[in-house]
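Enquirer: In the order they appear, the protein sequences are chains A and B. First residue of the first sequence: 23, per this note's numbering; consecutive thereafter. First residue of the second sequence: 23, per this note's numbering; consecutive thereafter.
It is possible that some hints are incorrect.
One copy or two, it doesn't matter: identical chains are merged, so the pair holds either way.
Cut-off 27 Å, straight-line C-alpha distance, at most; resulting in silico cross-link-like pairs (DSS-like, lysine-lysine) [stated by the list, open to error]: (1) Lys-125 with Lys-175; (2) Lys-27 with Lys-125; (3) Lys-111 with Lys-27; (4) Lys-81 with Lys-125; (5) Lys-36 with Lys-125; (6) Lys-125 with Lys-152; (7) Lys-152 with Lys-36; (8) Lys-152 with Lys-81; (9) Lys-111 with Lys-152; (10) Lys-36 with Lys-48; (11) Lys-36 with Lys-81; (12) Lys-144 with Lys-182; (13) Lys-144 with Lys-125; (14) Lys-29 with Lys-48; (15) Lys-144 with Lys-29; (16) Lys-111 with Lys-144; (17) Lys-29 with Lys-182.
No lab work stands behind these hints, which were simulated from the structure alone.
There are 2 protein chains.
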Amino acid sequence: MENSKTKITAEVGKQEIFIIREFDAKPELVFQAHTEPDLLVQWMGLENHTMEIATLENKNFGAWRFIHTDESGNSFGFNGVIHETDFAKRIIRTFEFEGLPEKGHVSLEFLNFEALPNDRTKLTTQVIFKSIEDRDAMIQSGMEHGVVDSYNKLDNLLSKR
Amino acid sequence: MENSKTKITAEVGKQEIFIIREFDAKPELVFQAHTEPDLLVQWMGLENHTMEIATLENKNFGAWRFIHTDESGNSFGFNGVIHETDFAKRIIRTFEFEGLPEKGHVSLEFLNFEALPNDRTKLTTQVIFKSIEDRDAMIQSGMEHGVVDSYNKLDNLLSKR
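For reference, chain A alone in the conformation it holds in the complex (with noise of 0.2 Å):
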């Protein structure tokens, strides 16, 4: 899958995709628009959806939940757990989807800011699964175009800073 932006990688018989993004703005201010929450919620999620920041702590072993919701008002929300935040550099952290049939299916994200020439960021995202099925529902969903569309707003934001 590859966006003229964003490009999306998921081999055949893993468990894990990694989404890579660069960004015309610096490691420190990419990484802020992921842990301040008046800057998050301006980007964050589909074009049509509003988000919420129920929790966000950002310190290693702090807790998250956001909540999106559509034009119709149908809420879905996320959290997890922040296993390590350090700054301009790499968040990893824990997600699940609140809308699933069952708990348990919880993924681990490594997000890693590496700085680029004339001020660019280069933004890798590698996301583990618990299994295929898991990471093959992830994809199935829709997650493509969540990301596209975040990024894109994310790209808008950037530019006014």
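Please build the complex by placing chain B on the supplied structure of chain A, with the hints as guidance.
Expert: Showing chain B alone in chain A's frame:
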């Protein structure tokens, strides 16, 4: 890898392992042995090591940190955060060995406690790793020895209760 009682499966080309072990005690007891500090220190770790619990917050989004010390006084730290803990049923938590040359090699553990007939328990631990290399390094480090020693000590502890 198969000990008389402990079965460890690491399929070629996968970034996960499964550890399966049955215990002659109810899930409630086996679970408590994993979450109550005074019980945990009696069985977790190699036969000739001692264990100290630096942190153990037995709750969703709670942190943990354990320190194992060998006969020569060398210490080995491990830490992580609990995504979910569900009494006598399940624990989902991150895991990181502090002695690696580089931070960030975090894995995600799923412990499932299943009731068997005759007040027995089947404990299935799935661990998913950042890479196949991370998994294989963990196996090479002598993980099997640690798991087998630990579970034999746990058998002993459970038989006294």
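Enquirer: For each hint, tell me whether it holds in the structure or not.
Expert: Tested hints:
no.	hint	in the structure
1	Lys-125 with Lys-175	neither (31 Å within a copy, 31 Å between copies)
2	Lys-27 with Lys-125	neither (33 Å within a copy, 29 Å between copies)
3	Lys-111 with Lys-27	within (21 Å within a copy, 43 Å between copies)
4	Lys-81 with Lys-125	both (25 Å within a copy, 16 Å between copies)
5	Lys-36 with Lys-125	both (22 Å within a copy, 23 Å between copies)
6	Lys-125 with Lys-152	both (12 Å within a copy, 22 Å between copies)
7	Lys-152 with Lys-36	both (11 Å within a copy, 11 Å between copies)
8	Lys-152 with Lys-81	both (25 Å within a copy, 21 Å between copies)
9	Lys-111 with Lys-152	both (25 Å within a copy, 17 Å between copies)
10	Lys-36 with Lys-48	neither (32 Å within a copy, 35 Å between copies)
11	Lys-36 with Lys-81	neither (30 Å within a copy, 31 Å between copies)
12	Lys-144 with Lys-182	within (19 Å within a copy, 56 Å between copies)
13	Lys-144 with Lys-125	between (33 Å within a copy, 20 Å between copies)
14	Lys-29 with Lys-48	within (20 Å within a copy, 48 Å between copies)
15	Lys-144 with Lys-29	within (11 Å within a copy, 42 Å between copies)
16	Lys-111 with Lys-144	within (11 Å within a copy, 40 Å between copies)
17	Lys-29 with Lys-182	within (24 Å within a copy, 56 Å between copies)
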